[in-house]
Structures are given as structure tokens and as C-alpha cells.
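Student: Using the sequences provided together with the hints, build the complete structure.
So the sequence shown is numbered by our numbering: it starts at 226 and just counts up by one.
These are computed hints drawn from the structure, not numbers from a lab.
Any given hint could be a false lead.
[What the hints assert, rightly or not] Derived pair list, reagent style DSS-like, types lysine-lysine, alpha-carbon separation capped at 30 Å:
1) K297 - K462
2) K280 - K292
3) K444 - K316
4) K403 - K478
5) K270 - K316
6) K297 - K478
7) K462 - K262
8) K302 - K262
9) K295 - K278
10) K297 - K369
11) K280 - K262
12) K270 - K295
13) K478 - K452
14) K369 - K478
15) K462 - K295
[What the hints assert, rightly or not] Here are the simulated distance ranges between beta carbons:
16) L454 - K499: 18 to 24 Å
17) D313 - E492: 33 to 39 Å
18) R341 - K302: 19 to 25 Å
19) R312 - K499: 39 to 45 Å
20) E281 - K499: 45 to 51 Å
21) L454 - M382: 17 to 23 Å
22) G294 - K369: 20 to 26 Å
Since the structure is predicted, the reported quantities are computational estimates derived from the model, not experimental observations.
Idealized CB from N, CA, C, for every residue including glycine.
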Amino acid sequence: NQSYTEFSINFIGKMDALQGVALVTGGVQGIGLGIVKQLLGNGIKGVSICDIKEKEGEAIVQQLQHKHGKDKVIFIKTDVSQEEQMRDAFKNTLQHFGSLDIVVNNAGICDEQQWRRAVAVNLNGSIQGNLLALDFMGKDQGGKGGVVVNVASTTGMGIAPFLPTYSATKHGIIGFTKSLSTEFVWETTGVRVMAVCPGFTETDLATKDGKCCLNTYRKEWLPQLTKVLEQMEQQQKADCVGVAVVRMLREGKTGSIWIAEDEEVYELNIPHYKQMRI
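Tutor: Laid out in C-alpha cells, this is it:
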């Protein structure tokens, strides 16, 4: 079997211009759009934007096609919580571009009142995207290997006061990423699986027109959440996360967890739980 070192050298050489095709969920706005823009700006062959927001998706694709070329980007209406829609998104991407090399599971919502929906989108959707990536890109399934980047959050490495469901889904994404990215899975599929944890980032998920657009399980908790957000440092631009993803594609090893916060990008060394004993 090809070692990671050998693969890394070959892959980095291949990906200097980010050749290949990427599928990005939740790519219409915020972090997802920031990732899409960085992929296109670094010369990738093509991107399929998979999002539930059809009107916004078609508009942003027109803008991106005007800048990068009509053959570079397509929109596929997709609800990531629906398995068949996700599978169709993978099929349509492969049919349109002829290949699939990168999957970015980014779609997410923050809704503590509709918490079941949040789990279905954030965690279930990400899990589904990973498994389909193995099915479509895995060498053991006739593919040529590839890369999966799961978008988690720094709240998945700590806590998110008054947003427990959101935080739990991001913890879940990190746990899933590390559990899936075993040496055996890497050797048999040729698919690297990594996660990026953005810090506080400018998105419509949290604020819109300068106002908080989050909700809490109990309405009386909302003023407390607003106070927490006001105390946080200035939000970074979504493009900063896109820069992090491009770096991960070039340098990241399978199973690695990365932070993209305060316009910095770095890999984490997560200790074994026994080393955390008090």
C-alpha cells in the first residue's frame, strides 16, 4: 500500500494549482462561500455548490461563473439531511465534471428551538457526506481516492454558552472525523479525512445586518447569549476559513484537526484523555 508520505508528495504536487473537482455543501453564503471562492481562486477545475437555498444559489453561481468561467461552477439544490438528495448531488457532480476529488461538508444551522433539525443538518448531514465520499472516491469502490474536509467549530473543542445543541453537533463532527480516519480506512480507500474548526466568523448564522439572529431553547436565555457574543473578539472574514481549507488540502494528514481563528491557521495536537487526568 502507498504510504502517506508518498501520497502527500504526489498529492501536493498535483494540488499546487488545486486541480480536481470539489463538492461543497452549504456553499451559498458565509464560510461555505468563502471556501468556494478560495478553491476557485486557487485554480481548481470545478466546484459544485450544494445548498438548500435555490434562489441565492443560482445568483451566486452566475457571479462566480462570470468571474471564473461557466464551466467552473454549478449549483445543485440539496437538503443535506436527506440521503437521496445528497446521493444525487454526488452523482450530478460526477456526471457534470467527470470526476470528484474533494468533499467539504460545511452545511450547518444554529437553531436551539428546532434542535432535531439542527442535529439532522449539522451532524447527520456531515456523516452522510463522509460516507458518500468514501463510496464515490474510495479506491476500494473503484475510485482514485480524495480528500474530505469537515467543517466543525471551536465550540466543538469547548463550549458554546446557551447553544448546547450546536456545540454538541460540532463535538460530534470532530469525534466522527477522528474515528473515521484510521490507518486502515486510509490504506483501503485513499481518502484523507480532516476537520477545520473556525472561530467566530462573519456569517448569517450568527448575525445579520449587525443584529443577533440566533435563538435559544428558552427565550429568556437570549439576552444572556447576546451578552456573551458582545464580549467575543471581532469576527474574522469567511475567506479566512477558505484559506485554511486550501492549506489543509495541500499539507494536512488524515485525522488532523485544524483551527482557523483570528486569521490564524494551525493544526491541533489533541492529547489522549489519560493525559488530561486531574
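Student: If a hint holds in the structure, say so; if it doesn't, say that too.
Tutor: Hints, verified against the model:
Annotation: proposed proximity of K297 to K462 holds, straight-line Cα distance about 24 Å (limit 30 Å). Distance restraint check for K280 and K292: the Cα-Cα separation of roughly 19 Å lies within the 30 Å cut-off, and the hinted pair is therefore satisfied. At most 30 Å may separate the alpha-carbon atoms for a hinted pair to count; K444 and K316 exceed this at roughly 42 Å. A hinted pair counts as satisfied when its Cα atoms are at most 30 Å apart, and K403 with K478 qualifies at roughly 11 Å.
As the CA atoms of K270 and K316 are separated by approximately 17 Å, the hinted pair is consistent with the 30 Å bound. A distance of roughly 27 Å separates the Cα atoms of K297 and K478; the hinted pair therefore holds under the 30 Å criterion. Only pairs whose Cα atoms come within 30 Å are accepted, and K462 paired with K262 is accepted, the gap being roughly 12 Å. At roughly 19 Å between alpha-carbon atoms, K302 and K262 fall within 30 Å of each other, so this suggested pair holds.
Taken as a hint, the K295 and K278 pair is honoured in the structure, with Cα atoms around 20 Å apart against an allowance of 30 Å. Restraint check for K297 and K369: satisfied, since their Cα atoms lie roughly 21 Å apart, inside the 30 Å limit. Using a Cα cut-off of 30 Å, the hinted pair K280 and K262 holds, with the two alpha carbons roughly 19 Å apart. Using a Cα cut-off of 30 Å, the hinted pair K270 and K295 holds, with the two alpha carbons roughly 11 Å apart.
Proposed proximity of K478 and K452 is contradicted: the alpha carbons are some 38 Å apart, above 30 Å. Proximity of K369 to K478 is assessed by CA-CA distance (about 17 Å); at most 30 Å being required, the pair is judged to hold. Taken as a hint, the K462 and K295 pair is honoured in the structure, with Cα atoms around 26 Å apart against an allowance of 30 Å. For the pair L454 and K499, the supplied restraint of 18 to 24 Å is violated, since their beta-carbon distance comes to about 35 Å.
Taken as a hint, the range 33 to 39 Å holds for the pair D313 and E492, whose Cβ atoms sit roughly 34 Å apart. At about 22 Å, the CB distance of R341 to K302 agrees with the hint of 19 to 25 Å. For R312 and K499, the Cβ-Cβ distance of about 40 Å falls inside the hinted range of 39 to 45 Å, so the restraint holds. Between E281 and K499 the beta carbons are some 47 Å apart, a value that agrees with the proposed interval 45 to 51 Å.
Separation of L454 from M382 is about 18 Å and conforms to the stated range, judged on CB atoms against 17 to 23 Å. As the Cβ distance of G294 to K369 is approximately 24 Å, the hint placing it in 20 to 26 Å holds.
In summary, the structure is inconsistent with hints 3, 13 and 16 from the numbered list given earlier, while agreeing with the others.
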